[in-house]
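Please put together the full structure from these sequences, using the hints given.
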Amino acid sequence: MAPIELGDQTPSQSQINPPPIQKPGESKSQTINRLAAELKVAKMAKTHAERKVLELEDVISQRAKV
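Counting from 1, position 60 in the sequence shown corresponds to residue 60 in this note's numbering; the numbering is continuous, with no gaps.
Derived by calculation from the structure, the hints in this document are not laboratory data.
Honestly, I wouldn't trust all of these hints.
[As the list claims (entries may be wrong)] Here are the simulated EDC-like cross-link-like pairs (lysine to aspartate or glutamate), alpha carbons at most 20 Å apart as the crow flies:
1) K65 - E55
2) K28 - E38
3) K46 - D58
What follows is the structure, encoded as structure tokens:
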């Protein structure tokens, strides 16, 4: 596999600057509440995905027995 060429970049240009967490006009408490809600949704999605994986593994193992 050929090496990836990054070109002529200074160290400051190669760093990734993520967007700010706090949106313009949003208070700190609003930011905390929004992030808490996003985290809760992400955790629920993870739990749902894990349950779906277990369910599909069960279906696959049952079909393998047939």
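Evaluated hints:
1. With a CA separation close to 16 Å, the supplied pair K65 and E55 stays within the 20 Å bound.
2. Between K28 and E38 the CA atoms are separated by roughly 15 Å; this keeps the pair inside 20 Å, and the hint holds.
3. At roughly 18 Å between alpha-carbon atoms, K46 and D58 fall within 20 Å of each other, so this suggested pair holds.
Checked against the numbered hints listed earlier, the structure breaks none of them; every hint is satisfied.
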